[in-house]
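Given only the sequences and the hints, what does the whole structure look like? Please build it.
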Amino acid sequence: MTVQTKTFSIRTKSYCDVINITEQVSKTVKESSIENGIVNIHVAGSTGAISTVEYEPGLVKHDIEEFLERIIPYDQNYKHHNTWGDHNGAGHLRSFLLKTSITVPINNRRLLLGTWQQLIFIECDEKSRQRKIYITIIGE
Amino acid sequence: MTVQTKTFSIRTKSYCDVINITEQVSKTVKESSIENGIVNIHVAGSTGAISTVEYEPGLVKHDIEEFLERIIPYDQNYKHHNTWGDHNGAGHLRSFLLKTSITVPINNRRLLLGTWQQLIFIECDEKSRQRKIYITIIGE
Amino acid sequence: MTVQTKTFSIRTKSYCDVINITEQVSKTVKESSIENGIVNIHVAGSTGAISTVEYEPGLVKHDIEEFLERIIPYDQNYKHHNTWGDHNGAGHLRSFLLKTSITVPINNRRLLLGTWQQLIFIECDEKSRQRKIYITIIGE
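Residue numbers (this note's numbering), protein chains in the order written: chain A, 1 to 140; chain B, 1 to 140; chain C, 1 to 140.
Source of the hints: derived by calculation from the structure; they are not laboratory data.
Quick caveat: nothing in here was measured; it's all calculated off a predicted structure.
Watch out, some of these pointers could steer you wrong.
Note that identical chains are pooled: a pair holds if it fits in a single copy or bridges any two copies.
[Said to hold, decoys possible] Here are the simulated SDA-like cross-link-like pairs (lysine to any residue), alpha carbons at most 25 Å apart as the crow flies:
id	residue 1	residue 2
1	K127	R110
2	K132	T22
3	K30	H87
4	K127	G114
5	K61	H87
6	K27	T83
7	K79	W116
8	K79	I19
9	K27	T5
10	K79	E126
11	K127	Y55
12	K13	E31
13	K61	Q76
14	K61	R110
15	K61	M1
16	K79	E56
17	K79	G58
18	K27	Y74
19	K27	N82
20	K61	Y74
21	K30	K79
22	K61	G85
23	K127	G58
24	K6	D75
25	K27	P73
26	K132	S26
27	K132	I34
28	K79	Y55
So, in structure tokens, the structure goes:
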């Protein structure tokens, strides 16, 4: 039984950019000495989020953005804006809602995801950001 | 310290079917050799979801469905429908929002859930599906 | 490789009280013998929730409450109310949506959170409650 950790960085393009991080995580899992267990994928910060989705343009370029804009509109008078004079209240709420980590089982050094299920990072901040993703694998 | 895994299958009935999977998970936890740690419950796929709720008819037959339909309506013109010609865009967004796994602590081979808290699978796809649930127990 | 568990209690004040639990969790992680791994933070029950947010008054006293009230209004005719004659249907749905646990990586006995990212408990029940939080640390 052991724990192995790795980080990698991604550059997001803009507000609501949805980035496929499956390959980086899969590669790390494949190259680790842990065959079975779980992997936690996490972003440190309060304006990013991690989840899974079928990574196809309709969902990741339109539907997710339209859905998030509908339930947490970007341009609203959030009290958070008064605190810092910035404009990313929606981003904080989206990260709070979607959360900054996910935990997925692994079997034979393979992520137990569906064929049409990819790991994604969702940029909730207002603009392009450098993001560090933490991978923590636990198992034997 | 060790890791133990098990899978079981469920048959969902229809869109938004909410299935109580507490007993299968509890039984697996009880029969494992791990006394304390965590258990990850996961469905592989992009149109299912896992969470907890008080499993009583009001919530699981009405309120959850009404809530999900209100924030992610089934019958909307999702771009995802253009990609594949199917009609499960809402299901993908629901799974993206609710996520496909949950991790719960265990103590003395018992799930640390509240008395009125049950583990559930939520069918987000359009119709009846066979679903495979992965249980991964880690601890000692 | 080992597992260490600890619990602590908090007293919530009212509906939608958002409590910063970062210090209690950080202290437990710091005092454990586990240097690297993950920590699961969990509340047992079906009307509480755990997530992260920047803990500043605008978000935790206004924006979160306004957002949750908008997507899951307190005063609605939930079927759950007919089951028990109580009035916390919204609380159950909020807990179902936000979930009762989160898992965060730890490195050198330190939570890998962002500078502006705090662990929070969200009271989704109607009134002040005593809440027990479970911390489970796994690693080596």
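*Given a CA cutoff of 25 Å, do K132 and I34 count as a within-copy pair, a between-copy pair, both, or neither?*
Both, since 22 Å and 23 Å are each at most 25 Å.
*Is it within a copy, between copies, both, or neither that the alpha carbon of K79 lies no farther than 25 Å from that of I19?*
For K79 and I19, only the inter-copy Cα distance (18 Å) is at most 25 Å; the intra-copy one is 29 Å.
*Using 25 Å as the alpha-carbon threshold, which applies to K30 and K79: within, between, both, or neither?*
Close neither inside one copy (45 Å) nor across copies (34 Å); limit 25 Å.
*At most 25 Å between C-alpha atoms: does K79 with E126 qualify within a copy, between copies, both, or neither?*
both (16 Å within a copy, 24 Å between copies)
*Can you give me the call for K79 and G58, within, between, both or neither, at a CA distance of at most 25 Å?*
This pair counts as between: shortest inter-copy Cα distance 4 Å, intra-copy 33 Å.
*Copy assignment of K27 with Y74, given that the CA separation must stay at most 25 Å*: neither (35 Å within a copy, 36 Å between copies)
_Status of T5 relative to K27 across identical chains (alpha carbons, at most 25 Å)_ = both (13 Å within a copy, 22 Å between copies)
*Up to 25 Å between alpha-carbons, please classify K61 paired with M1: within, between, both or neither.*
Close neither inside one copy (40 Å) nor across copies (42 Å); limit 25 Å.
*asked:* My question is about K79 and W116: at a cut-off of 25 Å on alpha-carbon distance, are they close within one copy, between copies, both, or neither?
replied: between (39 Å within a copy, 16 Å between copies)
*Between the shortest in-copy and the shortest cross-copy C-alpha distance, which are at most 25 Å for K61 and Y74: within, between, both, or neither?*
both (16 Å within a copy, 19 Å between copies)
*Up to 25 Å CA-CA - P73 versus K27, copy category*: neither (36 Å within a copy, 36 Å between copies)
*asked:* Please sort K27 with N82 into within, between, both or neither, judging by C-alpha distance up to 25 Å.
replied: neither (43 Å within a copy, 31 Å between copies)
When the structure is compared with the earlier hints, violations turn up for hints 1, 3, 6, 12, 14, 15, 18, 19, 21, 24 and 25 and for no others.
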